[in-house]
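Asker: Mind assembling these two chains? They're in different frames, but the hints should get you there.
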Amino acid sequence: ETGVTQSPTHLIKTRGQQVTLRCSSQSGHNTVSWYQQALGQGPQFIFQYYREEENGRGNFPPRFSGLQFPNYSSELNVNALELDDSALYLCASSASGLAGPRDTQYFGPGTRLTVL
Amino acid sequence: AQSVSQHNHHVILSEAASLELGCNYSYGGTVNLFWYVQYPGQHLQLLLKYFSGDPLVKGIKGFEAEFIKSKFSFNLRKPSVQWSDTAEYFCAVNPTGTASKLTFGTGTRLQVTL
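Residue numbers (our numbering), protein chains in the order written: chain F, 1 to 116; chain G, 1 to 114.
One chain only, chain G, in its complex shape (with noise of 0.2 Å):
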């Protein structure tokens, strides 16, 4: 079975700092890749995704993620964040060929303060 791994529990940073959180997941074959975020009171969101191709993702809210097949990890970028990305945001995986069971990460916690 796969699992996600998502060190950062809780980061802090200010408005205009660069952000990157880590995502890491064991499995032994291909994987399709996701970030969601979930904002205060809202549902979960769809950031990005990654299923084959270019392993740099373009999201909205200028978001990427870079897809590191040596070292299992699909971490989350911003160059400059904003107030309004205060949120939890959360990595997935599902295995490759198999029909959107997702496995999350625990989630991260990121508040940007001005």
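Chain F on its own, in the form it takes in the complex (with noise of 0.2 Å):
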């Protein structure tokens, strides 16, 4: 157990609809790093939030947006559900946005994203 939780754990979406998937973070950590893993991949990385701000995007299209609150937790909205938006979402928290040993990331148990 590392202490992040994530909610729901299961979605299922038709294409076109919206979804907002929603992470807590460890105690003590105030970033927060959203992952996309297809099936029989690696995670890839989607974007980073440290205090309430984006702190880095990897290459996914705008559609995908995300929000950090006061108190560290986090959303990941997709709008416009595509199939291949189907996945295991994966959110992770790490100590601080800084470069270091304290930067080391610690993921929640993920939310399955079906879009039919």
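Rather than coming from a laboratory, the hints here were simulated on the basis of the structure.
It is possible that some hints are incorrect.
Residues from chain G that face chain F, not an exhaustive set, calculated with beta carbons under 7 Å [unchecked claim]:
(1) His43
(2) Leu48
(3) Tyr50
(4) Phe90
(5) Lys101
(6) Gly105
(7) Thr106
(8) Gly107
(9) Arg109
Derived lysine to any residue pairs resembling SDA-like cross-links, with alpha carbons at most 20 Å apart [claimed, not checked]:
(10) F:Lys13 <-> F:Thr104
(11) G:Lys58 <-> G:Lys69
(12) G:Lys101 <-> F:Lys13
(13) G:Lys101 <-> F:Pro109
(14) G:Lys101 <-> F:Ser24
(15) G:Lys101 <-> F:Arg51
(16) G:Lys101 <-> G:Leu48
(17) G:Lys101 <-> F:Thr104
(18) G:Lys101 <-> G:Leu46
(19) G:Lys49 <-> G:Ala16
(20) G:Lys101 <-> F:Glu54
If you're wondering where the values come from, they're calculated on a predicted model, not measured in any experiment.
Beta carbons are placed, not taken as given, at the ideal position from N, Cα and C, and that holds for glycine.
Answerer: Next comes the structure, spelled out in structure tokens:
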């Protein structure tokens, strides 16, 4: 157990819909990163939030957006869902948005999103 | 941009056999290196990490990894695997000086038979 929690566990949506996924970071952690893990692949970095500001983004379109709240929990929003968005979405928290050993990420259990 | 290669996609070993999983990365500068494990039905867990210093890193559950800078490699080893080591193993890197935007390999599925 890492102390990182995610909700919901599973979600089924249809193409074109919008979805919001939630993450609570481990106590003492102020940085949250989101990853997409397609079946049979490694996780791919979507974006990171540090102290409520976006702190880097991977190669994902603008319809993937996020928020971080003052308590450091976070949301991932995906608009206009496509079939290829079906994946496990992972949230990871770390103690610092700055580089260094404290920046080690601890992952939550993920949200399995299925787009029909 | 950096990339990570894990050439072994599926490895099957008998209990007590020795394990070595390959990980090579591509990046021109210095990196931080990680191995994560994903047991069936569980979340990604950190096995070990390398930031600097001794290139031989020891992690949890008897795993270790060696960073060989000249070969851009960070192979994972365990002298004697157990059935409970059955899992998917991911190597990940991020450039030193950047904040945890990990690049993962595609993973190696390890199956340990009794």
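Asker: Work down the list of hints and note, for each, if the structure agrees.
Answerer: These are the hints, each one checked on the structure:
Because the smallest distance between the Cβ of His43 (chain G) and any Cβ of chain F comes to about 4 Å, under 7 Å, the interface hint for this residue holds. Given the 7 Å rule on beta carbons, the hint for Leu48 (chain G) is violated: about 10 Å separates it from the nearest Cβ of chain F. At about 10 Å, the closest approach between the beta carbon of Tyr50 (chain G) and any beta carbon in chain F exceeds 7 Å, and the interface hint on this residue is violated. Look at Phe90 (chain G): its Cβ gets to within about 5 Å of chain F, closer than 7 Å, so that hint holds up.
With 7 Å as the threshold, the beta carbon of Lys101 (chain G) comes within range of chain F, its nearest partner Cβ sitting at about 5 Å, so the hint holds. A distance limit of 7 Å between C-beta atoms decides the matter here; for Gly105 (chain G) the minimum to chain F is near 5 Å, and the interface restraint holds. This hint holds: Thr106 (chain G) has a C-beta 5 Å from the nearest C-beta of chain F, less than the 7 Å allowed. Here the hint on Gly107 (chain G) is kept, as its CB sits about 5 Å from the closest CB of chain F, short of 7 Å.
Taken as an interface hint, Arg109 (chain G) does not check out: its beta carbon lies about 9 Å from the nearest beta carbon of chain F, beyond 7 Å. Between Lys13 (chain F) and Thr104 (chain F), the direct Cα distance comes to roughly 32 Å. Violation of the 20 Å bound is thereby established for this hinted pair. The suggested pairing of Lys58 (chain G) with Lys69 (chain G) holds, with an alpha-carbon distance near 17 Å, which does not exceed 20 Å. A hinted pair counts as satisfied when its Cα atoms are at most 20 Å apart, and Lys101 (chain G) with Lys13 (chain F) does not qualify at roughly 28 Å.
For the hint linking Lys101 (chain G) to Pro109 (chain F), the alpha-carbon distance of about 19 Å falls within 20 Å, and the restraint holds. Between Lys101 (chain G) and Ser24 (chain F) the CA atoms are separated by roughly 19 Å; this keeps the pair inside 20 Å, and the hint holds. Distance check on the hinted pair: Lys101 (chain G) and Arg51 (chain F) sit about 16 Å apart at the alpha-carbon level, within 20 Å; holds. A distance of roughly 17 Å separates the Cα atoms of Lys101 (chain G) and Leu48 (chain G); the hinted pair therefore holds under the 20 Å criterion.
Our distance criterion of 20 Å between C-alpha atoms is met by Lys101 (chain G) and Thr104 (chain F), whose separation comes to about 10 Å. A hinted pair counts as satisfied when its Cα atoms are at most 20 Å apart, and Lys101 (chain G) with Leu46 (chain G) qualifies at roughly 15 Å. At most 20 Å may separate the alpha-carbon atoms for a hinted pair to count; Lys49 (chain G) and Ala16 (chain G) exceed this at roughly 24 Å. Between Lys101 (chain G) and Glu54 (chain F) the alpha-carbon distance is near 12 Å, which keeps this suggested pair within the 20 Å criterion.
Against the hints set out earlier in the document, violations occur for numbers 2, 3, 9, 10, 12 and 19.
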